[in-house]
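Listed below, chain by chain, are the residues.
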Amino acid sequence: MALSDKMAQVTSRNAELAQGSIEGQAHTAVASYAVNVEHLNFFYGSKQALFDISVDFEETGVAALIGPSGCGKTTFLRVLNRMNDLVSNTRLEGRILVHGEDIYDSFTDVVELRKRVGMVFQQPNPFPKSIYENVAYGPRIHGLKNRRQLDEIVERSLKGGALWEEVKDRLHEPALSLSGGQQQRLCIARVLAVQPRILLMDEPTSAIDPIATQRIEDLIRELCVDYTIIIVTHNMQQAARISDHTGFFFQGRMIEWGETAQIFTNPRDQRTEDYVTGRFG
Amino acid sequence: MRERHGKSRTKGQWRGAEIIGYWALRSSLIIALLILFLILYDIVSKGIGVINWEFITASPRSGMTEGGIYPAIIGTLYVTLITIAFAVPLGVAAAIYLNEYAVQGRFTRLVRMALRNLAGVPSIVFGLFGMAVFVKFFGFGPSLIAAGFTLGLLTLPVTVTASEEALATVPRAYREGAFALGATRWQVVRSVVLPRALPGILTGTILGLARAAGETAPILATGAAFFLPYLPSSLRSRFMALPYHLFIMSTQHHAISQVRPIAYGTALILVALVCMLNLVAVSLRRRYRRRVARGL
Ligand SMILES: Nc1ncnc2c1ncn2[C@@H]1O[C@H](COP(=O)(O)OP(=O)(O)OP(=O)(O)O)[C@@H](O)[C@H]1O
Ligand SMILES: [Mg+2]
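As you go down the protein sequences, you meet chains L and W in turn.
Quick note on the numbering used here: the first sequence kicks off at 1 and runs consecutively.
Quick note on the numbering used here: the second sequence kicks off at 282 and runs consecutively.
In isolation and in its complexed conformation, chain W is listed as follows:
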């Protein structure tokens, strides 16, 4: 598209107002990119200095003014795994029901609208809900599992919506072909629709998870700990997490200016982790496109 526009653009076609409009749009993009770049530059330039082997493999020491952030990295990984275990099966199953089984009508429209609204609910609300339900009502206490489930709830609307979109892109003709051969609905879903939709489902889900992995508010009241000298040993343990650690190091610590480099290092690791997840999503999508082009 972009190239075609470029080629077909000849000087005569452009009027004054259009040129202004064009540059207004273009400069908005440039400004957005510039801001993004500045943030990244700030984090990388100030954070890179503290990052070494010890920083990512040791626990904090001396009142968290020295040492590394190993427990926070591991805590974030664990809690993300629980989020996956909670949100992915539930979200994909719900999407399959919504797109393949449910009779389309007022009910499904209502559900979709609710999901879209739920995706916009502030994460602190999810955090408080998680505290009331998982920590208190189910009696998990502040723990990995309570926080993981809370983050799971937070990503569920995204997971369902992304999965449903992926399912909806599978051409009707494939479904009809399978039905006409006498396949049951579940066989159609399992052998024709899901294989085709899976990469899209994964991509959407990973993007949702990347979002959740960086959230502070939902884990604040459901299990994240200020400081723990050890790693979580069970689902009921409390844990340290990167976003919360970053929050503490930059606002709650008794010697904020002293630990500023550690805060930047933590931010850098967190950003890197989220970027990595996004990269996985992007490469999955690219592999999928290639597979579709080959027709397998």
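Next up, chain L with everything else stripped away, as it sits in the complex:
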């Protein structure tokens, strides 16, 4: 989606909200964010994994989530597209708004939500199908059958994932014959094919080499013009390089959230400082 479209959308939505309702003003602030998290608590069985998290993510740009292992970054990310629904015996308190809608509302269409909020995993996980079929998978399950349209989407998505040039002559070869870095870009292309507006990435470069990582970082910077990107990373330099905002997680709490430059040069919390300067974690 082009930036101008998006702007038009946001503007029109704001206009809508401002027009009629008394609550218009309060909501305008909400609607210009892609995601609002309000007092989120999350439990695996009786074990609480996230504690009272409140944070807002803007419509565009990259937000990085950092923190030591086991502090709840993955859990948090999976709350945002309700992937945690797949884990039995979990419980959530608080409110998550995605584009202004409460996604844990009983009316929420989870399928539609996951189309809108795409996810890239830590380990590249292409399906054991051809490159083409991997990218066409999303549009296909959402009902698109027309071969020409599928071809178009596959090409556009692979270009979006910065992979087209490398695979255009071998679209029908197994996706698993690609290198790790290529597989991860394929997974990004596969997500782009369903035209999400938000991309969640859970350590997308931790399983691949530095050169491939470089390519994916470049790609993330390109994509963040059109998408909301929330990325979990263990790599401080990476967070500093590519993100606009950074959140520091520690033991299930979001200790600090702010502009990336501030978090890295002038953190307010001692624990944040210790972590970003490498004193623990």
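By construction, these hints were calculated from the structure, which means they are not laboratory data.
Yeah, the Cβ is synthetic: ideal placement off N, Cα and C, and Gly gets one too.
Treat the hints with care, since some could be wrong.
Claimed, not checked - Heads up, incomplete: computed chain L residues facing chain W, CB under 8 Å, no partners named: (1) 88; (2) 115; (3) 118; (4) 125; (5) 128; (6) 142; (7) 194.
Given chain L's structure and the hints, the job is docking chain W with the ligands onto it.
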């Protein structure tokens, strides 16, 4: 594995007790193989003589002392087909439910335990159950369908367990990838999980069927006939079957020593049939492995 062991084995590493242990294990294997070989040799050497075109295409004649075993071959094929039609859809569906849909907990654990126990229930019990339920209660009478369903019940625990194992080997990452793209649970099962698990399901199922095809007890009271001059004409017909025919020829016939070669011939055909099914299973598995290696 085996080669690596072989290479890393140097004389110095082996102590006396270990050598004895090694040979104890090794000779157990050799004894088992030897027994298997003897059985096969016995059947093949005594059975091969009677096998000719007539033996597999003609009906028994002269009080079953001459002629072939054609109706028994066909009967076994038919009843196996019914077993497939009964057990495969039901077993695979149950496995899909158990592995993909059911909330894992005490209930699923209980079901799995029950299945494992059911797989160990003697086949004669299944036979009597089939007689009570299919022959009597549903009023099928002794018939192909009653026997087929009974054999189906017998293989169901194996089919469900094997299918579930095959489903469980599909990596979680594939499922999550599909879910994250907005696939429904059924779409995930149909387009990602099943294609991947199918060869495993087939292999397990075929092995179960091969077992069922050779069973006598479950068909004894549910439809197998001592002798029929004609082929079964409908699902409600009685039928001859190889394992039952073999049982008759070796224990119930009025001239047992005279028909001994026919019994051996029948045994050989039955063993060959079961081996063929197993071969199909093995080759499916090999093709599957190659496909996995290629990543498609
Ligand atoms: N399925 C689960 N069931 C129970 N507890 C879980 C589950 N998944 C995660 N947890 C627990 O929740 C806490 C947060 O885990 P999470 O995976 O979100 O951490 P993380 O910050 O992503 O760690 P890492 O950096 O190692 O990936 C951990 O204590 C973990 O043990
Ligand atoms: Mg994690």
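Flag every earlier hint the structure violates by its number, smallest first.
none
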